[in-house]
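Visitor: Sequence:
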Amino acid sequence: MARVRTGVRAVSAVLAAVVGATLAGCSSTGGKRAEERAAKSAHGRAAVDTPRWTIAMVTHSGDGDSFWDIVRSGAEQAAVKDNIKFLYAHSDEGQQQSEQVQSYIDQKVDGLIVTLAKPDAMKAVVAKARKAGIPVITVNSGSAESKEFGALSHIGQDETIAGEAVGDELTKRGRKKALCVLHEQGNVGHEQRCDGARKTFKGKLENLYVEGTNMPDVLSAIEAKLQSGDYDAVVTLGAPFADTAVKAKKQAGSDAEINTFDLSKQVAQGLADGDLGFAVDQQPYLQGYQAVDLLWLYKYNADVLGGGQPVLTGPQIVTKDEADELAEYADRGTR
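With the sequence shown counted from 1, adding 229 to any position gets you this note's numbering.
I should point out that these hints are in silico values taken from the structure, not numbers from a laboratory.
What you were told as hints is all true, and nothing was included just to trick you.
DMTMM-like, lysine to aspartate or glutamate: derived pairs with alpha carbons at most 25 Å apart: (1) 352 / 321; (2) 476 / 461; (3) 454 / 424; (4) 431 / 459; (5) 494 / 440; (6) 479 / 550; (7) 528 / 305; (8) 360 / 377; (9) 476 / 502; (10) 360 / 335; (11) 337 / 349; (12) 401 / 553; (13) 433 / 504; (14) 478 / 440; (15) 406 / 424; (16) 549 / 484; (17) 478 / 420; (18) 494 / 446; (19) 357 / 335; (20) 476 / 560; (21) 479 / 504; (22) 406 / 484; (23) 360 / 322; (24) 314 / 339; (25) 401 / 484; (26) 549 / 294; (27) 494 / 294; (28) 406 / 504; (29) 476 / 292; (30) 433 / 459; (31) 476 / 504; (32) 376 / 322.
Sequences and hints are given; from them, build the entire structure.
Guide: Rendered as structure tokens:
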């Protein structure tokens with residue numbers, strides 16, 4: 230399978246086009262009115278005059294996960310533009326996430342955005358939302374289950390395809406033995422990433438399960454592995470763990486290349502400094518922004534995007550070559 234890659238400038242252009250097209254699509258007079266509405270949005274006012282619907286997002290994020298801050302930021306900015314009251318809750322425990330969704334159903338919200346990292350815990354409550362007449366969009370995790378559960382669309386990256394892109398990149402870089410660090414047990418998307426990488430990587434890839442809420446444990450586990458084996462690459466599945474892997478590499482005296490899924494300001498700097506080889510960007514800002522925007526479009530105009538297929542926001546392999554441009558976006562909290 231060919232490696233999936235697009236240019237940073239192209240992706241930025243797509244994001245701009247999505248925002249611009251949405252605004253222009255609400256206008257009967259073309260670009261001028263779209264510009265006026267965009268200006269209003271920039272000042273914290275809605276760009277539309279539709280009813281003030283309430284949309285809630287419930288994710289599987291743990292506390293302090295910067296990735297989800299970016300998703301939330303995109304959702305909140307789309308909510309301003311679309312005259313939406315936006316609510317947010319999160320839990321890395323499947324049962325608690327389900328209970329949070331139920332609480333929003335009880336509040337009779339107008340739309341729901343959920344993640345399906347632990348689909349078994351979410352299936353019943355998503356069905357309850359549908360029964361209550363609440364449209365649901367899934368983001369980030371659960372592309373395989375989204376349609377089955379009755380969601381309008383899924384927005385994110387296909388985790389298997391993303392993993393395959395990583396395997397191709399590791400092979401291209403001449404790596405022979407790699408670790409795939411899974412920081413959240415039970416997350417089906419994480420398993421799919423590592424399985425995808427294993428499928429296309431010409432070398433050997435091993436899974437390493439760690440407790441992601443205990444960063445000292447993550448550090449010691451990676452360090453011990455690097456000391457005990459001839460690994461020449463490490464792949465972490467979230468930006469906060471990339472820096473920890475770099476520290477583990479130094480403490481172990483290893484020459485392994487550290488790579489990661491997801492971007493952050495720290496990851497962009499790590500790419501620029503050469504501490505990281507590559508990162509896999511799934512554009513979390515776009516996931517949050519598009520989810521709110523698509524629910525607004527469904528409420529306003531019965532529009533559904535994707536034609537029954539996931540709306541992909543990644544993967545995009547990024548390296549040191551793109552680091553400076555990415556750092557600018559990461560610094561403002563949108564990449």
